[in-house]
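**Student:** Required output: the full structure, derived from the provided sequences and hints.
As you go down the protein sequences, you meet chains X and S in turn.
Residue 164 in this note's numbering sits at position 164 of the first sequence, with consecutive numbering throughout.
Residue 204 in this note's numbering sits at position 204 of the second sequence, with consecutive numbering throughout.
These aren't lab readings, by the way, just hints derived from the structure by calculation.
All values reported here derive from a predicted model rather than from experimental measurement.
Cβ coordinates follow ideal geometry from the N, Cα and C atoms, glycine included.
All the pointers check out, no bait thrown in.
Derived contacts from chain S toward chain X, CB cut-off under 7 Å, selection only:
hint	residue
1	25
2	26
3	28
4	108
5	130
6	139
7	143
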Amino acid sequence: MIALFVLLEGWTALPLIFGPVWNPEEGLYGVLPMVGGSAAVTLGALLLAVPTGVGTALFLTEAASPGVAAAARPFLQALAGIPSVVYGFVGLTVLVPAIRQSLGGPGFSVLAGALVLAVMILPTIAAVAEDALRALPPAYREGAMALGATPWQAVRRVLLPAARSGLVTAVVLGLGRALGETMAVLMVTGNVASTPTSPLAPARTLTGSIAMEMGYAVGRHREALFATGTLLLAIVMGVNILARRAGR
Amino acid sequence: MQPLAEVLAEAYSRQGGGRVTIQGGGSTAGVQAVLSGVAQIGAVSRSLTDEESGQGLVEHIIAYDVLAIVVHPANPVGAISRPELRRLFAGDMSEWLPGRPIHLVSREAGSGSREAIRSLVGPISPRAIIQNSSGGIRAAVAGDPLAVGYVSLGVARLGGVKALLVDGVSPEDPQYLLSRPLSFVTSGPPSGEAAELLRFIRSAAGQKLIESEGLVAARVESSRR
Numbered sequence: 001m002i003a004l005f006v007l008l009e010g011w012t013a014l015p016l017i018f019g020p021v022w023n024p025e026e027g028l029y030g031v032l033p034m035v036g037g038s039a040a041v042t043l044g045a046l047l048l049a050v051p052t053g054v055g056t057a058l059f060l061t062e063a064a065s066p067g068v069a070a071a072a073r074p075f076l077q078a079l080a081g082i083p084s085v086v087y088g089f090v091g092l093t094v095l096v097p098a099i100r101q102s103l104g105g106p107g108f109s110v111l112a113g114a115l116v117l118a119v120m121i122l123p124t125i126a127a128v129a130e131d132a133l134r135a136l137p138p139a140y141r142e143g144a145m146a147l148g149a150t151p152w153q154a155v156r157r158v159l160l161p162a163a164r165s166g167l168v169t170a171v172v173l174g175l176g177r178a179l180g181e182t183m184a185v186l187m188v189t190g191n192v193a194s195t196p197t198s199p200l201a202p203a204r205t206l207t208g209s210i211a212m213e214m215g216y217a218v219g220r221h222r223e224a225l226f227a228t229g230t231l232l233l234a235i236v237m238g239v240n241i242l243a244r245r246a247g248r
Numbered sequence: 001m002q003p004l005a006e007v008l009a010e011a012y013s014r015q016g017g018g019r020v021t022i023q024g025g026g027s028t029a030g031v032q033a034v035l036s037g038v039a040q041i042g043a044v045s046r047s048l049t050d051e052e053s054g055q056g057l058v059e060h061i062i063a064y065d066v067l068a069i070v071v072h073p074a075n076p077v078g079a080i081s082r083p084e085l086r087r088l089f090a091g092d093m094s095e096w097l098p099g100r101p102i103h104l105v106s107r108e109a110g111s112g113s114r115e116a117i118r119s120l121v122g123p124i125s126p127r128a129i130i131q132n133s134s135g136g137i138r139a140a141v142a143g144d145p146l147a148v149g150y151v152s153l154g155v156a157r158l159g160g161v162k163a164l165l166v167d168g169v170s171p172e173d174p175q176y177l178l179s180r181p182l183s184f185v186t187s188g189p190p191s192g193e194a195a196e197l198l199r200f201i202r203s204a205a206g207q208k209l210i211e212s213e214g215l216v217a218a219r220v221e222s223s224r225r
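**Tutor:** Here you go:
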């Protein structure tokens, strides 16, 4: 129903949004820069969080003693429970100046957004990946060991492929959360409405665009924001469909 | 204006007035809420547009907000002229010194502060970093020696940033140029609880509260320019 409402509120502006310039004060509503911004930040976050998350899950299921594993789980859950505005605030006061001082540029950047998002989606990816790995029958591990595989060979050639559909689910959940995250990203990416050309350039995401301007937008502008929302919904649905196919 | 509204509402309730609920969202959101009947009073930190005034809105100026141009305390620049400020915000000046680029930080479109700067100074470069609150701008400028932005004087006084003299005048001085009216608008003349609240705000107690928030009381208007 929500999808229907969003679509209906914005569909007259839908053709308008496929352009390269977003300048509501001049009547231009192209969202291409924001698509670029969302893509850059989300991809960056996945690149950082998927290896780390799956690695954490593997560590918890294969290498950690039961004591360590038991201690790590509540810690991950706590990370997942922190409100996003807190992440944004820490990003704004600590991460952005750090990036500016060590790497240059204004500090408000795709990199800052990707780092903050990576920390936010890590618990989700790790938890779902861990469940997927834990659900594998012990026979897989025992069989691999009996055939003389090293632990790493067992992981790479047996466990990961076997847990594939669960791992894909983990990545898709992480991707969905990253695409939809608004507040934290808004505080650290700089919100400049132009397509980012490097990880150190500022960017604006689709979600940030809607959140910043919805409160005061009227008429065409408001419709364009709803159209942006429809686009976002379409992207998330598309990703989910692709992932379901890949997971089979 | 939200912090101001909350302080006034709390004082009003404490001295026997009714309950006041407050929602934030910016000046245009306030106008829209009053026009649609959702709210009795809208807090507006800019002048009403001709279109808005034509719809029967009555503007009650309760204070003047002074907008400070702020830079990092380590920035050697201490003063700026109005034409230079205009060029700075338009994006025509790209460096403080060769090799030290200017990082302009602004509010989002629709913010009263941004509208005030646009009408008092000039257009704002589309390359400016955008933060969606004065607090966000203060945090950004306090963390970056190359940044410059604009915040309310009350927010600037919280520290971490340095306010520039504009045409030689400090924002603390009544002759300072960059100030904007803060009003409560009502649809038609105020009545009932809304009128009571406005009466309280215009009283000596209300105006004193406004001064303590770092704003200039409306009754002092006749002495400004």
